[in-house]
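*Asks:* Take a look at the letters that make up each chain.
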Amino acid sequence: MRALVDLDRRWIFLVVFILLAIVVIWPLNLPVRVTPMTQGIYNYIENLPAGSVLWLGLDYGPSVAGELNPQLTAVVEHAFRKNLRIITYTMWQTQGTIGRNIIDKLLKEYKKEYGTDWVDLGFKPGGITNLRLMTSSLKEAAAGVDYQGKSLDEFPLTREVKALDKPYVAFIIDFPAGTPGAAEYLAIVTEVKGVPMGVGQIQMSVADSMQFVHSGQYKGMIPGLRGAAEYEKLIGKPGTAVRAMDGQTLAAGFVGLLIVLGNVIYFSTRGR
Amino acid sequence: MRKELPTIICILMAVVVVVSMYFYVPNEKWKLMDMFDNWYNLLYYLAMGLGLINLTRIHVMAVVKRRPNWVYSIWLVLFMWAYFILAMIQTVDGPQADWVFQNFLTPIDSTVFALLAFYITSASFRAFRARTLEATLMLLTAFIVLLGTSPLGDLIIPGWTTAKDWILSVPNTGGQRGIQIGIYLGGLAAALRVMLGLERAYLGGAR
Chain P
1 MRALVDLDRR WIFLVVFILL AIVVIWPLNL PVRVTPMTQG IYNYIENLPA
51 GSVLWLGLDY GPSVAGELNP QLTAVVEHAF RKNLRIITYT MWQTQGTIGR
101 NIIDKLLKEY KKEYGTDWVD LGFKPGGITN LRLMTSSLKE AAAGVDYQGK
151 SLDEFPLTRE VKALDKPYVA FIIDFPAGTP GAAEYLAIVT EVKGVPMGVG
201 QIQMSVADSM QFVHSGQYKG MIPGLRGAAE YEKLIGKPGT AVRAMDGQTL
251 AAGFVGLLIV LGNVIYFSTR GR
Chain C
1 MRKELPTIIC ILMAVVVVVS MYFYVPNEKW KLMDMFDNWY NLLYYLAMGL
51 GLINLTRIHV MAVVKRRPNW VYSIWLVLFM WAYFILAMIQ TVDGPQADWV
101 FQNFLTPIDS TVFALLAFYI TSASFRAFRA RTLEATLMLL TAFIVLLGTS
151 PLGDLIIPGW TTAKDWILSV PNTGGQRGIQ IGIYLGGLAA ALRVMLGLER
201 AYLGGAR
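In the order they appear, the protein sequences are chains P and C.
Take 1 as the starting number for the first sequence in this note's numbering and just add one per residue.
Take 1 as the starting number for the second sequence in this note's numbering and just add one per residue.
If you're looking for bench data, these hints aren't it; they were derived computationally from the structure.
Every residue, glycine too, gets a C-beta built ideally from N, C-alpha and C.
There are no misleading hints in this set.
A partial selection of chain C residues facing chain P, derived with a Cβ cut-off under 8 Å: (1) Asp-34; (2) Tyr-40; (3) Phe-101; (4) Ala-117.
Using the sequences provided together with the hints, build the complete structure.
*Replies:* Have a look at this one:
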């Protein structure tokens, strides 16, 4: 027992590393049950008529890309299958080309066209204030250009969509890693303009967002990596998230085991 | 007028923003809010520029005066200006600027965040103890939610995810709402103090 109390934490790091490496080599393919939150987003997109505009807020940076990239991939794939059109916008300058590279790849795969099926406004400074301006005039808030600096008048999609408002935008999904993010969309766009929204959340923020799912203000929520795996299951294309869930499962199991072991040691050595 | 004028401007701006957010004002007829938003954006750009100059000044002084860890200041100034100039020449989406982002910032950011998994695992072994009733409740909750976020919970006991969902939906939602309402009421009170000119700390100290 003494040896466990004095255990060098580097042994724990090593076990975590081995566990994560094992599933990369030998996937476990554990079953994932779809939760109503993820189903809510899926159903909303599924019921949108072809040609509807889906607004995606890519408000995250590289740190949480491991969780949110698989969510974004699954949602965009679903949207392209349903022939929806997409506008992307980020309030986070650290978003860079993370989301764009994903959508660009799927755009080619589904033989869609930039400007008609997707326009990326890129990063525009101003945060919440600029988001509010988006609800009045897309052109003004985006300084009239997309991420490449090309005029929004060049693209059929942004010639038609004048603002982040009804009837132009049918549904919003924000993928936030913090503020500004989904809570700002909810307060400024959904509550004021009535455009329905959902959220693709990192696991750490799921507890914060639950209240808005229950109130019906979010039509659904994709919770973390597990949510991404659920969405991949729903669209019938298991991918990165389903594979990564194996690693998360083993790591969670190991953490659970350590919690129990730590407490057994604590109670057995308490009086000594 | 050093304090009165900024206070009057603040009150006027606050009234316009509050009226436009709390009452329906057709935007086509009243473009004032859009104008303010544009002003804010302009100030944002200016603040970024000011930050760049200020950061350079602080770190150049750190190097000149050989303050502790001054070597890092050289790296900061060097990378900041190199990337700034590169982005000015070809925009942040240019091939080289994007290469720097993809190959420097992205792996560093991801790695730092990924390291959390190792530290949390180690901390769970050393710090998560059922010492008191409150600590025990927190421990049990964390244990259920942790295993519930992966398929493992349902594999151990069928219905584990349901227990996790209940914790998130009932006690968590109730607690979150209570905290949020408190925060927003506090924020509203603070905003009212600024709008009424009672709170003037943002104007800076008196000389």
